[in-house]
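There are 2 protein chains.
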Amino acid sequence: MNDPWVDDDNAALLTDLYQLTMLQAYHREGLGAEAVFDLFVRRVPEHRDYLVACGLDDVLRYLERFRFTPAALAYLDSLDRFSSEFLHFLADLRFEGDVHAVPEGTPVYANEPIIEVVAPLAQAQIIETFLLNQVSFQTMVASKAARVVAAAEGRTVVEFGLRRLHGTDAGMKAARAAFVAGVGATSNVLAGMVYGIPVAGTMAHSYIETHDSEIDAFRAFAAVEPETTLLVDTYDTIEGVRNVIRLAREPDTDFRVKAIRLDSGDLAGLATAARELLDDADLGHVEIFASGNLDEYRIAELVRGGAPIDGFGVGTRMGVSDDHPSLDTAYKLVRYAGRSRMKFSADKSNLPGRKQVYRNATHDVIALHDEPAQGRPLLEQVMAGGKRLPAGTRTLQQIADHARREIATLPDEPHRVDISPALAAEIELISQLR
Amino acid sequence: MNDPWVDDDNAALLTDLYQLTMLQAYHREGLGAEAVFDLFVRRVPEHRDYLVACGLDDVLRYLERFRFTPAALAYLDSLDRFSSEFLHFLADLRFEGDVHAVPEGTPVYANEPIIEVVAPLAQAQIIETFLLNQVSFQTMVASKAARVVAAAEGRTVVEFGLRRLHGTDAGMKAARAAFVAGVGATSNVLAGMVYGIPVAGTMAHSYIETHDSEIDAFRAFAAVEPETTLLVDTYDTIEGVRNVIRLAREPDTDFRVKAIRLDSGDLAGLATAARELLDDADLGHVEIFASGNLDEYRIAELVRGGAPIDGFGVGTRMGVSDDHPSLDTAYKLVRYAGRSRMKFSADKSNLPGRKQVYRNATHDVIALHDEPAQGRPLLEQVMAGGKRLPAGTRTLQQIADHARREIATLPDEPHRVDISPALAAEIELISQLR
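So the protein lines, in turn, are chains A and B. Each residue of the first sequence is one higher than the one before, starting from 1 at the first, in this note's numbering. Each residue of the second sequence is one higher than the one before, starting from 435 at the first, in this note's numbering.
It should be emphasised that the hints constitute simulated quantities derived from the structure, not laboratory data. Any given hint might turn out to be false.
[Stated by the list, open to error] To be clear about the criterion: a stretch of chain B counts as covered by chain A if any three or more of its residues have a C-beta under 8 Å from a C-beta of chain A, and this derived list gives those stretches: (1) 461-475; (2) 637-643.
[Unchecked claim] Quick list of simulated restraints, FRET-style, between CB atoms: (3) 284(A) to 814(B): 47 to 57 Å; (4) 297(A) to 544(B): 23 to 33 Å; (5) 738(B) to 88(A): 41 to 51 Å; (6) 757(B) to 429(A): 55 to 65 Å; (7) 757(B) to 349(A): 26 to 36 Å; (8) 384(A) to 710(B): 28 to 38 Å; (9) 684(B) to 384(A): 20 to 30 Å; (10) 757(B) to 42(A): 16 to 26 Å; (11) 646(B) to 43(A): 22 to 32 Å.
Even for Gly, the Cβ is constructed at its ideal location relative to N, Cα and C.
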C-alpha cells in the first residue's frame, strides 16, 4: 500500500540542513568508518509509567527507499554550499547498514535504545531527523493511547482525532499508534484503507441541523443505517434521548438503533439520565457512547463514578498527547571507528557503546551488546545490509497483539532500570580518558 | 511543486467515516441544496492575544484536486456499508463550490469565520475533516511563532522543529507557518525546496564526538565551511569557547567563523561569559546563537535580562505549540437551503448565516455578509465554482509580508469583537423559532 508520507521521492530531504553540512565535512575529511547511533528517550514524562515503542515500520520503509533524486540534488546545488563532488557522493548514497530494534508495541523506559543503527558514518547520520520525527510521535501517541485504553477498563475506545491533529501524517500515524496500543477503531477512513484498522462513525450535528427537526433527522438516518448510533445533543440532550424513544415507539418502525452518542455537557449526569429514560422505555439494549474532550483522566473519572457509558470516542487530547505533546527523544553517536563515544553536556549525556536491554519481572538491565545478563533480550535485528529481516515485517495486528501481551506482564510497582557492570565500567573508562 | 501530503491520490479518504455515512443518507433523502459552512476558532487560548490565519493554500489545493479514485471506491465498497448507487455518486463528486476566506497571515479572533464554504451539501460536508486538520494546525503554529518573533525583538529566529514535530506533514507545514509569522529560516531542507524558505544549519554534537578532540573538529569543519557556526557545548561550554579562540589564533588560519552556538545549560550566564571571552580575544564580530528548549517565554526572559544573544534556534516548543497543542476550531453549518442554521449545545453554539468581518482600529465587527458596516472587510472570495481566483494564489513571501503589516497595525490594548445589529437580530429570530 502506498504511503505518501514516506514514499515521497524527495523524502531524503526531510532532514535538517546540518546533517548535510556535516556529511560534506565528513566526506572531505575521509571520515566514513562504521558508526553506531542509538535512538532512545531521555526521560519518561510525568504521568507515564512506561512508553510504548512505535514507528519502526516507517523507519525501515524509509531506509529501504532512501535516495536523493536528481531534483533534490539540483535543489542542494542551488544553495551554493555543496561541492559537485559531494553531490555525486550523495547521488550514490543508499542505506546499507544494520538495524536492531525493540519490536513495535514493546513497553520501554528512559535511556533504553529503541533503535540502534550500525552503518558507515554518512548513512547513519543523514537519517537522524526522519527517524526521530516518526519514532518520537508514534511512541508518544501509543504511550498515551495505552493509558486511555487502561482507563476505559474494557469499554470500547474509538480514535476520532484526525481533524485536530498536527497535519495529515499525524492523523494517519496516530490512528496506527492508537491501534497498536489497543484502541479498537478509528474514524479516519484512509487509515482504515492503508492500515486495515476498523473504521467507525455515523453522524455529526450538521446532519441534524440540515433537517427541520431532530426526530425527522433521526428517522431519516435510521432508515438508511438501521443499526446506527444517533447523536442526541444538538439542541437539548434529554429531549434528544426522548426523540430516540419516540422514534422507537412510532408505528411500523423497525427500530434497530444500537446506541446514542453524548458529545457535550455533563457526561456522567446526562448518561445516567439517558440510561434511565432508555431503560424505562424498554430500550435497555441501546448503548451509550460518549465523546467530547475526553482523555484518560476524564475517562477514569467517569468509569470510577459509575457513569453508564459503554464506549468512548477520543480525539485531540489523545492524538496530540495533550499533557505532554512531545517526547524528549535523542539519536546519539555511541560508537565510531571501533571506539565508544559519549556526550557530557549538562543534562544531555548518553550511554556509550553497542547495547542490549534485558527484561526481568521487576527490572530491566541495560548492558553492552555482547555481555551476558539476566533476562529476556528486547533488541532484535530487523535489517541487515539495508534489507529487512523477517523480524522487521510484522503485521499491525501482530504488533497490537504483542503490545497487549507485553503491557499485561508489566508489574504494578515502578519498573527499575539498571546499568550492567560492564556498561558502568565503560562509562567510567570514557570519563577518565577525557 | 509536488506536495505529497495533499496530492495523494486517496486524500479524499482523509476524512471521518461519519462524513460518508451522512453523505449516503443525504443522497438517499435527496438533500443536496446549497449549504454554507464556517471554519472558525471557538476560543482564543490563554497567552494568545490573537491568532494568525494559516493553511488556506493547502485547502484550495485539496479542493481543486478532490476526487475518489477507483481504489478508494473499492475500499469503501469492501466496508459493506455503502450502496453501489451511492458509490457511483461519489465517483463523480468534485468540489465545485465557492470559498471566501481571510488572507493567510491575517490576525483573527474567536468566532470570526476564517474560511466560508458555499457549495451543494455533499461537497461542503465531505471536506470538513481535511479543512480542520490543515487550518487548525497551521493557524496554531503561525500564532505561536508570531509570539516567538515578537519576543526575539528583531533578533534572528530559525525554526528547528522537524525532528520532534508530529510527523512529516507537521514538519513541513510548521516551517511554512513559522515563515508566515516572521521566522527567518528553517532547518528543514525539504521545506526549503518545496516552499522556497531559506535553510540554515551547520553541525551537531555527533560531529564533534566523531573527532578525537573538539578543536580538531572545529578546525576540520571551518576548513570546509569557513563562515560557519561552531557548536561549543558538547563537553564543556567555556572550554568550547576557548577552543574557538585557540583556533582563531592558530598560525596560518584564515579564521572566518561567524558565530558560536550554545545548546544547553544556563544560556544567559554562558552567553555573557562567552561574549566576554570572545571580546577579550578581539572576536567581537563572532555572534552568539542559542538553542535548546526555547520558546517565547524563555526568549523574552533572555532578552529582558540583557543576555548577549544574537539569534535563537526554536524547535519543538514552537512547532507543537507546547502550551496549547491544539486549537478549538469548528466547521459548522450556518445556512442550508436558504435558511440560517445554528447549534445550541452547551458551550458549542455558532453564529448563523453568511457573514463578513470588518476590522477597525480598536475592534472588529462580525456582520451578515450583505449588511453594511464600518471598517475594512477581511473575507474575500478565493475560489469560484471550484476554481481558484487571483486572491487565492498569493506567494508565501506575499503572505509573510501581509502578516508583518497586519500584525504591526494591531493595537496594544485588547481588540474587541462586536456582533452587528442584523446578525444579533438573526440569532434572536432563530432562537425564538425553536
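Apply the coverage criterion to the stretch 637-643 of chain B and chain A: a residue qualifies when its Cβ sits closer than 8 Å to a Cβ of the chain, and three qualifying residues are needed.
holds (count 6)
Residue 757(B) versus residue 349(A) beta-carbon gap, inside 26 to 36 Å or not:
holds, 28 Å
Please test the hint of 41 to 51 Å on the beta carbon pair from residue 738(B) and residue 88(A).
holds, 49 Å
Range first: 20 to 30 Å. Now tell me if the beta carbons of residue 684(B) and residue 384(A) are that far apart.
Violated, at about 44 Å.
Does the Cβ-Cβ separation between residue 757(B) and residue 42(A) fall within 16 to 26 Å?
holds, 21 Å
Check the following: the C-beta atoms of residue 757(B) and residue 429(A) are separated by a distance inside 55 to 65 Å.
violated, 43 Å
Residue 43(A) and residue 646(B) - C-beta distance against the hinted 22 to 32 Å
Given about 31 Å between the Cβ atoms, the range holds.
Are there three or more residues in the stretch 461-475 of chain B whose C-beta lies closer than 8 Å to some C-beta of chain A?
holds (count 5)
Falls inside 47 to 57 Å, the C-beta gap from residue 284(A) to residue 814(B)?
Holds: the Cβ-Cβ distance is about 54 Å, inside 47 to 57 Å.
If I claimed the Cβ atoms of residue 297(A) and residue 544(B) lie 23 to 33 Å apart, would that claim hold in this structure?
holds, 26 Å
Taking the CB of residue 384(A) and the CB of residue 710(B), does the distance hold inside 28 to 38 Å?
violated, 52 Å
Hint check: violations occur at hints 6, 8, 9; the rest are consistent with the structure.
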